[in-house]
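Chains as they are written, first to last, in the numbering used here: chain B, 20 to 108; chain H, 20 to 108.
I should point out that these hints are in silico values taken from the structure, not numbers from a laboratory. Incorrect hints may appear among the rest.
Claimed, not checked - Here chain H is said to cover these stretches of chain B; the calculated rule only asks that three of the stretch's residues, wherever they fall, bring their Cβ under 8 Å from a Cβ of chain H:
{"#": "1", "stretch": "28 to 34"}
{"#": "2", "stretch": "64 to 72"}
{"#": "3", "stretch": "75 to 83"}
{"#": "4", "stretch": "90 to 97"}
Each residue gets a CB set at the ideal place from its N, CA and C atoms; glycine is no exception.
2 protein chains.
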Amino acid sequence: MKAYSRHEVARAFGATLRETRRERGVSQDALAERCDFNRCYPSLLERGLRQPTLAMLLRLAGALEIQPERLVTETVGRLQEPANTATRA
Amino acid sequence: MKAYSRHEVARAFGATLRETRRERGVSQDALAERCDFNRCYPSLLERGLRQPTLAMLLRLAGALEIQPERLVTETVGRLQEPANTATRA
Chain B
20 MKAYSRHEVA RAFGATLRET RRERGVSQDA LAERCDFNRC YPSLLERGLR
70 QPTLAMLLRL AGALEIQPER LVTETVGRLQ EPANTATRA
Chain H
20 MKAYSRHEVA RAFGATLRET RRERGVSQDA LAERCDFNRC YPSLLERGLR
70 QPTLAMLLRL AGALEIQPER LVTETVGRLQ EPANTATRA
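Next comes chain B alone, as it looks inside the complex (with noise of 0.2 Å):
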């Protein structure tokens, strides 16, 4: 697997969690009371302009009631799109 940086890494987590949140029907606000974070986390994440530690991945998957190596894979196959080449180019 090549080495991504830490923002495009952001950028396809951010997409996979607003996706995972929007299929689950959960809002931002209720998100980040499930997880104890600032409101205003969420949205970061989802923007791509925070990454999350592994603790807040394992803290995001529990509260969306998934297994957190799904929004591992999901990030990685983001990452791997050719559309995501593209945009690097």
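Given chain B's structure and the hints, the job is docking chain H onto it.
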């Protein structure tokens, strides 16, 4: 999944990283070099004194030639071990 503290996650991840690195026969110095990390960083991670961001986790997995989700699954497995519960009690 219950919410784990960042210290618990850091310890569980550190143990996972150490085991995986040793299985792969990679030294801490070599791992740091492959990841372009400060050479102290693998030791801090393995001792549970730091926890990785998602971008770092992907980079470590790449350097160890394993799927990043495996590091997550094994960390969660350690967190859920009865011994870990006992340590927390």
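Going through the hints against the structure:
no.	hint	result
1	28 to 34	holds (count 3)
2	64 to 72	holds (count 3)
3	75 to 83	holds (count 5)
4	90 to 97	holds (count 4)
Violated hints are absent here; each numbered hint is respected by the structure.
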